[in-house]
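Participant: As a plain string of letters, each chain reads:
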Amino acid sequence: MSAVARREGRGGDAVLGLVPRAVFEPSTVEEAAEAIRACDAEELCVTVVGGGTDLGIGGRPSAVGAVVRTGRLDRVVEHAPADQIAVVEAGVPLVALQERLAPHGQRLALDPPFPGRATVGGLVAANGFGPLRTRYGTTRDLLIGATLVRADGVVARGGGKVVKNVAGFDLPRLMVGSLGSLGLIATVTFRLHPLPEAAETVLLSGLDPEGLWRTVRGLREAQLEPSAVVALGAGPFDLAVTFEGFGPAVEAQRDRLAAAARKEGAACEVLDAAGAAGIRERHDAIRAADGLRLKVAALPSHFPGAVADASRVLGSAFRGPGFAGYPSVGVGFFTVPGPRAGDAGGGGPSAAAAEGARAVARTRELFERLGGSLVVQAAPEAVRAAVDPWGEPPAALALMKSLKERLDPRGRLAPGRHAGGI
Amino acid sequence: MDPGLVARFAAIVGARNCLAEPPALVTYECDGLTSMRARPGVVVLPASTGEVAAVVRLAREAGVAIVPRGAGTGLSGGALPVAGCVVVGLARMRRILEADLANGWARVEAGVANLDVSKHLAAAGAYYAPDPSSQRVCTIGGNVAENSGGAHCLKYGFTVNHVLGARVVLADGSVVDLGGPVADPAGFDLLAAFVGSEGTLGIVTEVVLRVLRKPEATRTLFATFPSCAEAGETVSAIIASGIVPAAIEMMDTLAIAAARAATGLDWPEVGAALLVDVDGTVGEAGHTAARAGEIARGSGALEVRWPRDEAERQLMWKGRKSAFAAVGRISPSYLVQDGVIPRSEIARALGEVARLAREAGLRVANVFHAGDGNLHPLVLYDARVPGEERKAEELAGEILRMCVRLGGSITGEHGVGADKVVYMGEMFSEDDLATMDLVRSAFDPERLFNPGKVLPAPRLCGERPWPSRVRPVEAADPAGPA
Ligand SMILES: Cc1cc2nc3c(=O)[nH]c(=O)nc-3n(C[C@H](O)[C@H](O)[C@H](O)COP(=O)(O)OP(=O)(O)OC[C@H]3O[C@@H](n4cnc5c(N)ncnc54)[C@H](O)[C@@H]3O)c2cc1C
Chain H
1 MSAVARREGR
11 GGDAVLGLVP
21 RAVFEPSTVE
31 EAAEAIRACD
41 AEELCVTVVG
51 GGTDLGIGGR
61 PSAVGAVVRT
71 GRLDRVVEHA
81 PADQIAVVEA
91 GVPLVALQER
101 LAPHGQRLAL
111 DPPFPGRATV
121 GGLVAANGFG
131 PLRTRYGTTR
141 DLLIGATLVR
151 ADGVVARGGG
161 KVVKNVAGFD
171 LPRLMVGSLG
181 SLGLIATVTF
191 RLHPLPEAAE
201 TVLLSGLDPE
211 GLWRTVRGLR
221 EAQLEPSAVV
231 ALGAGPFDLA
241 VTFEGFGPAV
251 EAQRDRLAAA
261 ARKEGAACEV
271 LDAAGAAGIR
281 ERHDAIRAAD
291 GLRLKVAALP
301 SHFPGAVADA
311 SRVLGSAFRG
321 PGFAGYPSVG
331 VGFFTVPGPR
341 AGDAGGGGPS
351 AAAAEGARAV
361 ARTRELFERL
371 GGSLVVQAAP
381 EAVRAAVDPW
391 GEPPAALALM
401 KSLKERLDPR
411 GRLAPGRHAG
421 GI
Chain W
1001 MDPGLVARFA
1011 AIVGARNCLA
1021 EPPALVTYEC
1031 DGLTSMRARP
1041 GVVVLPASTG
1051 EVAAVVRLAR
1061 EAGVAIVPRG
1071 AGTGLSGGAL
1081 PVAGCVVVGL
1091 ARMRRILEAD
1101 LANGWARVEA
1111 GVANLDVSKH
1121 LAAAGAYYAP
1131 DPSSQRVCTI
1141 GGNVAENSGG
1151 AHCLKYGFTV
1161 NHVLGARVVL
1171 ADGSVVDLGG
1181 PVADPAGFDL
1191 LAAFVGSEGT
1201 LGIVTEVVLR
1211 VLRKPEATRT
1221 LFATFPSCAE
1231 AGETVSAIIA
1241 SGIVPAAIEM
1251 MDTLAIAAAR
1261 AATGLDWPEV
1271 GAALLVDVDG
1281 TVGEAGHTAA
1291 RAGEIARGSG
1301 ALEVRWPRDE
1311 AERQLMWKGR
1321 KSAFAAVGRI
1331 SPSYLVQDGV
1341 IPRSEIARAL
1351 GEVARLAREA
1361 GLRVANVFHA
1371 GDGNLHPLVL
1381 YDARVPGEER
1391 KAEELAGEIL
1401 RMCVRLGGSI
1411 TGEHGVGADK
1421 VVYMGEMFSE
1431 DDLATMDLVR
1441 SAFDPERLFN
1451 PGKVLPAPRL
1461 CGERPWPSRV
1471 RPVEAADPAG
1481 PA
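Chains as they are written, first to last, in the working numbering: chain H, 1 to 422; chain W, 1001 to 1482.
For reference, chain H alone in the conformation it holds in the complex (with noise of 0.2 Å):
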C-alpha cells in the first residue's frame, strides 16, 4: 500500500491563523483517499488547499484539523487536442496547463489572476475566474468530469470526457464553488477551446456609471461578441473591450465599437499589444490585492450605479479601494492591498475596524437592496470579526445543509466556511 506524504503543521500552514496539526501531501488520487480516511479515523476536520490563493472567501472554518495540499497531484493524465478536452490533478497550476496546451493552438478559456499559483482544482472550488468570463462563462461552463474524494474516503466520479453528456447527476458541476466543503476533488476534465488568432482591445475612459449601463447595452444592441468587458476603477470607470477570433473579423469588431464610442463623444483609443497588456496587469493588481477583497454581484442594468455608490463608501474608510469588475455580467471586486511582508502594520487598511466594518455592511445593503450580494473574500480580522462573510443566507439553506450532511455526516470537511455557516 502507498503511504501518503503526511508531516506536523508548521505556521505557514495555518489557514486564517489556525495551524493545522497535520498536513498531507498526496500525489496519486489514492494517496488522496488515503488521507482523507486518516483525517476521518482522526476526527480531524479537513481544510483542502490548492494555490492557496483563495482561502480566504467565506467563514473560517470552525476547526482546522488537517490540511491535505493538492499541490502533489500536479499530472494532466490526458490531453485530446482532437477532441479539445483534457484531464487533469487537481494541483496542477492552471499556468502550467496553459503551457501545455498552447502548443496545440487550444487553450482552457478561463483566466483568473494569479495563473502561475492559482490550481486548476482551486480554482473549480472557488468558482475562480477572470475577464474571459463574459463569453466563456465559468468553470461551470468548462467543466465536464472530476474525480472528488468524499469525506468517508470514497472516491467517486462524475460527468465524463465528453463535451456532451447527460448521463447521472451532475457531480461535476456541484463542486463548482463548493470551497471543499462537500469532498476534495482530485480530478477535473475540461472542454478547451481554440487559441484565438487575434485579438483587440478597445479603451474607453471616463464613463460614469449611466455612461458605462450605455455601452454596456449598447455592444448587445449591437450584436458585437466581445471575449472580454472590463470596469476598471470606479469613479469614473475606464471599461477595456476585447474581441478575439480570426483577424479581420475582429478587426471589424474593434472599429465598430470605437466609431460608436466616438459618435457618443466618449474618450476611446484602440490599444496595441503593450496596451492591452498593461490594462491587464492593472486589473490583475486591483483582483490580487488581499487586504481586503470583496466579491460583489448585481443586476448588470444596476450594477455599474451600485459600484459607483459602494465605490464612495468605502473610499471613506479605506485607503484608495480599487475595483475591477465585469459589468456585462454584473460580477466585480473591490480590493484593498494587504500589509507587504516584512512591513509590519503598515500599507494595508487604514480604517480603523470598526469604520472599515461599517463602510463593509453599508456597501451590502447596497447591493443586497437590488437583490445583488457581497461575499467577503479576504479581510482584516477586525472587519471578519464583526461582518457576516456571506451575507443573507440562500433561499434554499435547508437544502444545502440536507446535501451537506449526506455528503459529510461527520462534518469533516471546511466546517463553518460555507454560506449560512456550512
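Calculated directly from the structure, the hints in this document are not laboratory data. Incorrect hints may appear among the rest.
Stated by the list, open to error - Taking lysine to aspartate or glutamate and the EDC-like style, the derived pairs with C-alpha atoms no more than 20 Å apart in a straight line are:
no. : chain 1 : residue 1 : chain 2 : residue 2
1   : W       : K1318     : W       : D1266
2   : H       : K401      : W       : D1184
3   : W       : K1391     : W       : E1359
4   : W       : K1155     : H       : E197
5   : W       : K1155     : H       : D141
6   : H       : K263      : H       : E221
7   : H       : K401      : W       : E1446
To be verified - Computed from the model, here is a short list of chain H residues facing chain W with C-beta under 10 Å:
no. : residue
8   : M175
9   : A297
10  : L370
All figures in this text were calculated on a predicted structure; none of them were measured in a lab. Glycine included, every Cβ here is placed at the ideal spot set by N, Cα and C.
With the hints as your guide, set chain W with the ligand onto chain H.
Facilitator: Relative to the frame of chain H, chain W with the ligand by itself:
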C-alpha cells in the same frame, strides 16, 4: 386509485384537470419511448406552483409515487408512469412571466414550449439558445429535467448553461428558489445538480432562462461526401482549424433519403452529408463559412452548397430536423438510440455501427450532432417479423457499449430515464452511483419522485423495473376496460 384519494386530488386542481378514468389515462401511459408503458393511478394538471405543492403534499401523505411530466416527448421513458402513481403534468403552466432583455433573462412557467420562448422574444431580436429538434412541443421544464441539447449546442452549450434559476417544489411540498437572474448566488450550486435530474429531485414550476441577442449573421453550408469517413474527417478538420461552428450535423445515405422523402429537398444520393451553421458578426460568419467550405472541399467533399436565401436555409434545417420522423417513411418501425463518442472517433464509430448492423442483419440510419460526437443511430426493423424487435434492441444496446468503450457516454441528451438504468453500471462504478444517490436523498429522502429512473436501485441492479415489452393491452388495469 382509491376514489376518495382521487377526489382529494380533484379538489386541488379541479375535477376537469384530474384524470382517473382509463380512457383518459392511455395518453399518459408512456412518453416518446412508446415501447415502455405503465398505467398511472391518476393524472393531475395543476395551474400554479401552489397547486403543485398541494398535490405533492397529498401524494406524500398517501404514499403515492410522483412522476412529473411535460409534453411527454422524452425518449428514455423519463415520464413513464410508475404503476398507480400520480402523474403531475405541467401542460397548463405555459405563461411567459417576465422578460428583461437588457439584462439577458426571462422568467417562464415550466410548461411553456421551448420554441414559444424564442417566438415571444423574436421581435426584440433575442432568443433562447438550446434548440432540441422537438422544440415546437417539448417544455422548458422537460428541457431542464433532461438537460436537453440541440443542434446549436455545439457553440452555445446545453440547457444547464442557459438556466439561471428554477423554482422547485420539493418532496415535502415546500417551494424553493435555486439560483436566479443575478450572477453567483451564495451557497452550493444546487441548480447544477437539479438540471438533468430527470424529475427525480423535485418538480420545477418556473425557470429563469438566459436570453441571448441573435447573432448578426448566420451562414449555412451543406456538403456531400462519398462516405461517412470523409464527412467525419471534415468535422475534425473544421474543429482543428479553430472554428467553433454553431452546429455541425451529419446524415448518412438512409437519413438523407428519409429527409428527401419528407421534404422534397433535392439532396443527392450520396454516402454522407454535413449541414454546418456558423454565426457571429457579419465578418466572422462570412470568414468562417468560407473557410469551412474550403476545408470540406479539401477533405473530399463531392459538392458544397450554400442556400440561396433564408427560405432555402430553413428548408435545409427542416430536412435535418424532420429526419427522425421521416425514417418512418422508409421503415415500418425504428428505435432511436442516443450515445456519445469522442468526436475524433466518428469514422471509426460509424464503421463499428455498420459492422454491428450487418451482423444483426438490420439497417441503421445515422443522423446526428457530429460536432460533439452525439450519435443518434436509428435502428430500422419490422415489428411484424417475430424476433426482429428484440434484435433491434440488442443492436441498440451493443452500440451503447461501443460508445462507452470509445470513452464516450450512454446518453448525450435523451437522458437515462427508465430505458438506460441498466447501462449506468457500465459507465459508473458502484461508488459513483452511490454518491449520486446521496445527492438524490438530500432532495428526496423517501424517493417519492420518479422512483426507478436514472439510478439503478441496488436490488434491481441489472434488471429493468418495468417489463421491457409491455403492450398497452397487457398493461391495462385488469379491472378497467383496456
Ligand atoms: C422528434 C423528437 C426529437 C427530439 N430531439 C431532441 C433533441 O434534439 N435534443 C434533445 O435533447 N432531446 C430531444 N428529444 C427528446 C425530448 O424532446 C427532450 O428530452 C425534452 O426535453 C423533453 O421535454 P418534455 O416536455 O416532452 O418532457 P417529458 O418527456 O414530459 O419529460 C421528460 C423528463 O422530464 C421530467 N419532467 C418533465 N417536466 C418536469 C418538471 N416540470 N419538473 C421536473 N421534472 C420534469 C419527466 O419526469 C421526465 O423524466 C426529441 C424527442 C423527439 C420526440
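Participant: Would you mind marking each hint as holding or not holding in the structure?
Facilitator: Status of each hint after checking the structure:
1. K1318(W) <-> D1266(W): Satisfied, since the Cα-Cα distance of roughly 13 Å is no more than 20 Å.
2. K401(H) <-> D1184(W): Distance of about 19 Å is within 20 Å: holds.
3. K1391(W) <-> E1359(W): holds (10 Å)
4. K1155(W) <-> E197(H): holds (18 Å)
5. K1155(W) <-> D141(H): holds (12 Å)
6. K263(H) <-> E221(H): Roughly 16 Å separates the two Cα atoms, so the pair holds.
7. K401(H) <-> E1446(W): With Cα atoms ~17 Å apart, K401(H) and E1446(W) stay inside 20 Å; holds.
8. M175: Holds: closest Cβ of chain W sits about 8 Å from M175(H), inside 10 Å.
9. A297: holds (5 Å)
10. L370: holds (8 Å)
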